[in-house]
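Here the sequence shown stands for residues 3 to 121, where the numbers follow my numbering.
Hints in this document: simulated from the structure, not taken from any laboratory.
These numbers were taken from a predicted model, which means no experiment stands behind them.
It cannot be assumed that every hint is accurate.
Below, computed lysine to any residue pairings styled on SDA-like, alpha-carbon distance capped at 20 angstroms [as the list claims (entries may be wrong)]:
#: 1; residue 1: Lys95; residue 2: Arg52
#: 2; residue 1: Lys24; residue 2: Ala48
#: 3; residue 1: Lys117; residue 2: Ala73
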Amino acid sequence: MPRAVDGTKHKDRRKKILDLAKGYYGRRSTNNRIAKDAIAKAGVYAYRGRKEKKRDFRTLWIARISAAVRAEGLSYSQFMHALKISNIELNRKALSNMAIEDKAAFSALVASAKKTLEA
3 MPRAVDGTKH KDRRKKILDL AKGYYGRRST NNRIAKDAIA KAGVYAYRGR
53 KEKKRDFRTL WIARISAAVR AEGLSYSQFM HALKISNIEL NRKALSNMAI
103 EDKAAFSALV ASAKKTLEA
């Protein structure tokens, strides 16, 4: 029986790889062997990026909370410590949104934190 060189499965496999590499520079988008390596590397970057995104957003939220709290006359660490003492369990994402969108509620939260620190 003759050996199938251009079989459907073979073609489909190559097509899948080249479709994933669409838009890549040079032979990375047209050459199957090089595209395979480029896709593998891109997958590693994508996996790592999904983890980094979480860190980056947490950093952003902390910076926003810190700026809003400093305007009220406290530091970020004092504010978070006061929230923990007074058993207010709001995550940093919620606090950041509150600092941007609902300044009155955030100011009330900072006032209660100051009261907790004084006591």
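Here is what the structure says about each hint:
| no. | hint | result |
| --- | --- | --- |
| 1 | Lys95 x Arg52 | 17 angstroms, holds |
| 2 | Lys24 x Ala48 | 16 angstroms, holds |
| 3 | Lys117 x Ala73 | 17 angstroms, holds |
The structure is consistent with each of the numbered hints, conforming to all of them.
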